[in-house]
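J.: Residue numbers (this note's numbering), protein chains in the order written: chain A, 1 to 664; chain B, 1 to 130; chain C, 1 to 332; chain D, 1 to 144.
Keep in mind that the hints were calculated from the coordinates and are not lab data. In this text, all values refer to a predicted model and were calculated from it rather than measured experimentally. Glycine included, each C-beta is placed from N, C-alpha and C at the ideal position. Just to be clear, a hint being listed does not mean it is correct.
[Said to hold, decoys possible] Example chain A residues on the side facing chain B (calculated, C-beta under 10 Å, incomplete):
(1) C389
(2) S392
(3) K400
(4) Y404
(5) Y433
(6) I434
(7) V436
(8) G461
(9) V463
(10) K465
(11) A477
(12) L480
(13) N483
(14) L486
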Amino acid sequence: MQRIGVFVCWCGSNIAATVDVQAVAQALKNEPGVVFSTDYQYMCSQAGQDMIKEAVAEHNLTGIVVCSCSPRMHEATFRKTAAAAGLNPYMVEIANIREQCSWVHKDIPTGTEKAIILGKAAVAKVNLNTPLTPGESPVTKRALVIGGGIAGIQTALDIADAGFPVDIVETKPTIGGKMAQLDKTFPTLDCAACILTPKMVDVAQNDKIRIFSYSEVEEVSGFVGNFDVKIKKRARYVKEDLCTGCGACVEKCPMKKVPNEFNLGMDNRPAIYIPFAQAVPKVATIDPNACNMLKNGKCGLCARVCTAGAIDYTQKDEIIEEKYGAIVVATGFNPISMDKFDEFAYSQSKDVITSLEFERLTNAAGPTAGKLVRPSDGEHPHTIVFVQCVGSRCENCAEKGKEYCSKICCMYTAKHAMLVRDKYPDIETYVFYIDVRTPGKNFDEFYRRAVEEYGVKYVKGMVGKVSPEGKKLKVQASDLLNNKQLNIDADLVVLAAAIEPDKSARPLATMLTASMDTNDFFTEAHPKLRPVESPTAGVFLSGACQGPKDIPETVSQAGAAASKVIGLLAKDKLTGNPCIASSDENMCNGCSSCERVCPYGAITYVDKEFRMPDRTTKVRRVAQVNPAVCQGCGACTVACPSGAMDLRGFASNQIIAEVDAICK
Amino acid sequence: MNNKMQNLRDEIILRSGVNPSKCMACGKCSATCPAYNEMEYHPHQFVSMVKSGDIEPLLASDSLYKCLTCFACVDRCPRGVEPAKLVEAVRLAAIRQQGANHLKPDMVPDMLDDDMPQQAIVSAFRKYTK
Amino acid sequence: MQKITLESLVEKAVSLLENGTVTSVLGWKKGEFDYDITPAVFESADELKKDFVWNDFCGANFSKYLVSKTCKSEGKILVFLKPCDTYSFNQLLTEHRFDREKVYAVGIPCEGMADINKVKEVVGDGISKIESNGDDLVVTTIYEDAPVKVTCKDVLAERCVNCKSKRHVAYDELLGEEGEVIASERFDEVERLEKMTPEERFAFWQNELSKCIRCNACRDVCPACTCEKCVFDNPNSGVENKAASNSFEEKMFHIIRAFHVAGRCTDCGECSRVCPQNIPLHLLNRKFIKDINEFYGEYQAGAEVGLRAPLVDYTLEDLEPGEVFDRRDNNA
Amino acid sequence: MQIKEYKPLIVAFCCNWCSYAGADLAGNNRLNYPAEVKIIRVPCSCRVNPMFILRAFQRGADGVIICGCHPGDCHYTSGNYYTRRRMALLFSMLDFLGIERERTRVEWVSAAEGAKFATTMNDFVEKVASLGENKRLEDLRCKR
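Extracted from the complex, chain A is given alone in its bound form (with noise of 0.2 Å):
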């Protein structure tokens, strides 16, 4: 029989205006098991809890209840107060009877009675508790970040900085991601390569870093602390170790007419290729779509120019086994399709871009050298056309847009329209907005100053069509502010397209068991406490897998992330919550059931043999919980028939005990 101490608390009058506070003590102290009752104006008070450290002292308590806020509020502060006087924290419970009673109820009977009811259903469980412990588990002190954009980069930079090896998978065949595409950055305008293409050299020569370039995770399991993965490193047949990036095979490659996706398909690359000059690892890797020796073995050039002998037609994609102690998405983001937008004539005419294609078109690597010029004809453009927020804010076109802000379109409009007027003076620049978004540091004063000081024309409304006619663009659009609808002739629109996750996020989150918003964003573990961390115990979010980001944004929660991987990769161990699933073997089926509903894997079958009333023995197999990976939900608990697998902290009997206290 469990010896029990019931603590009623006032809140001030938060509670005890409503509730008849000492009715209340009074009232418990007659239930099963209850030795001491009493009431207090603030139990949580450090007075407080050392008149209940004092209770369980004097009246040899074995079990304490707390009639007070919501324990989603000090439910920690009370099982710390009953660790301090010797008790096990689990042998607390508390009954809600503020939020959940005196806040919502107007009259002093309803309130006191309902409190009443809700301090015995604690009673009740209270005499079912069981001292619990929390399990312990290794910590793997190695991370993975999974893509290697600005994002993955500074994340793997700051990890490593504090001495843990760090392993960075990167889909395409150089770390660089986005930020390696751009021209310049807002609102400072230095040259994204300049700023980037350093930490990418740094990333390269850090001995705790390892690279896993045109790879992909293919497999994720285990759990905090202790994640197995399988790393996919596909065939390049160019062996890494030995190719210097030279580019002779490049110049030499006859497969000249490939599309150049980092060019955005605005030129051609040969089968052979180095994404660009800075690419980390610069080594060449050959597409085995284009490339007429993996095709069809009619070929072989670049293995004969190439004097390292780094080329190997017969690589094979290889799996690399790794364990993890800690694991950062930063998988980033695309720009979305913009064939369903009809009304800007995207896919008729090549003078209708993205953004991001006029990046790479004014890039002095990109396809033009930085000469801004059509991309149809090659003519010096007289007036460019900026439409912003394309396929963003859209509510009704979820098949075609997206229902959020992208956050970054209207400073990058800014900035191209800018740039554009500072070079070439003679170009008429229009944006036509919506709003215009400059919540940054310096970033208002940069849209200002490209209005005023570089004369770029900001129209408020929308383009509603975009017809080439000619070699002209038709624009028809409206100006809200002066109430005229205008039509413009123009040589080039640039469409800020709304911008979405990467199409790897989505399996990768199921791999990962890693939630994801509607549209395929990361969801945090709280979105404004713990921004940077996945619901996930030990996987960790940077960059714009978790929503529109910024660089300078981007870059600070890559740092915050990897703080958060950092300390936990600087315990050696990690303490679980010990309210988790646990079975009764000699009632355990072994039927598969709750396996089939664990969302986190933890649930694994070992046949065991059991001793028979008659002296024989049987090997049956049951279930066992993997205490570091279960979290505690109880699917398991309802899956299971025979009621072998119960939850701990809120067992059967215990739930019971509550319904039955309450139903009485």
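Given the coordinates of chain A, work out where chains B, C and D should sit on it, guided by the hints.
T.: Okay, now just chains B, C and D, sitting in the frame of chain A:
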């Protein structure tokens, strides 16, 4: 907004099934409108004026009969506001007033000529008459 | 009425015993009366020739017996499976309840089993002897001098009238001809109840379930109820009760039992066969099967080994509990 | 003689992460709902065993409501999807046995939906109250 206008506004919103509060004032409806230059009040203004209950000027305006009901605005609106349906509802509110038929039978003979398909007159008659 | 003969079954069993394929045979044996046939284990040819029976009352589904039989004996056991038994067989395998390696399954065709209650309705009590004769049963009673002829078809058990499949979904060897899955009308009765008012339904079940004497026969025979320890026998489960002391506990027992086998029940109908009070317990299971089919797509437990039961599965677009009734109201 | 006003007894199972927090938020915002609603905290709606529900009815509850995170938002990623199937089938079965379908409900209430929690409870209590006492699933020995 007086009581009468408030009622009229609610009625228009109810009849059209349009929620003008969803409008984010991007102006894409007016940008796409082929009859824009014919209209005194443009599609986005219909949305905004109905929202604020400023309906009297709309009732009196010829713009009601300039809208072609081509539904380009409905198709393009990123927020699903459907301005054309709102215009239609205001037009109904106008012609349902006593003696406010926009097209009266005695006007028809003057309109008859060889270039005008009779079907167009019939449908205009249906559209502009109570 | 059964097309396959007793002799061919005994012959098969004897040859498998003698060539060492199996060491024992799970089969039917005559009970006190001709119509109360009990399952039995035979270990020799003599026993088989003496006691093995096969007739229109061999309804017992042997699948469940394999759970206890395979974990004890070392050798293989021969089991005769009628088509509907094979579904239970597969379902138990899905749940890892017995060792397939220790079983030699012989599929046998079944023309449907007779319901002794229906026979009694025709001939009355005091049956002393029943013999099969072609499509008829010849019944002798202690009250009548001349035996009475009853057509098998007229006394077919409900579950056989609504037979869902004459196809075997599992066996090592098949005797006789293979049949087909049948589009049965087994949900008609459930539908009839669904169309009643809640008051009528309540009255129906109150009447039926109040007959329950909590003998646990339904549970003990059910091939899905193979728990090492049933929650109703476990003092720690919070719902332990051995006898139904009032109408609530009858309902509690039958609702929970139906829920525990939901998605796992193959609709073999054993529960209703063995109920001494003739409660139509199979209707509860069929209700779950019908709902599962309607809500989550057609599902036949045991159709294949390894199927994921609907209650341990989900889709993102599943019906909301509240929509269940909207949907039914709209269909009605 | 004063006739005691009939007040139904409602047991609400709330998942710790969303609905229990939603109930707390209703309290924070002082949104009233009847005191007849008594909340039992469970880690996830999928912890609710049909036995608990029947037990509550046995002991005299007039209505049982289960609240969990919205589908897709489960703290344990998929717990409420199982709840959804289990309860859809269980409630359908209770209806099949002639138990009034308004006595059982599943509602998804997020931690932000304090107002929804209060409205849901007000509505549920009202519906159950209009049915009167639970007579079809009760254990007379357990009567108050």
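J.: With reference to the structure, classify each hint as holding or not holding.
T.: Now the hints, each set against the structure:
| no. | hint | verdict |
| --- | --- | --- |
| 1 | C389 | holds (7 Å) |
| 2 | S392 | holds (8 Å) |
| 3 | K400 | holds (9 Å) |
| 4 | Y404 | violated (12 Å) |
| 5 | Y433 | holds (9 Å) |
| 6 | I434 | holds (4 Å) |
| 7 | V436 | violated (12 Å) |
| 8 | G461 | holds (4 Å) |
| 9 | V463 | holds (6 Å) |
| 10 | K465 | holds (6 Å) |
| 11 | A477 | holds (5 Å) |
| 12 | L480 | holds (4 Å) |
| 13 | N483 | holds (7 Å) |
| 14 | L486 | holds (8 Å) |
Violated hints for the displayed structure, listed by number in ascending order: 4 and 7.
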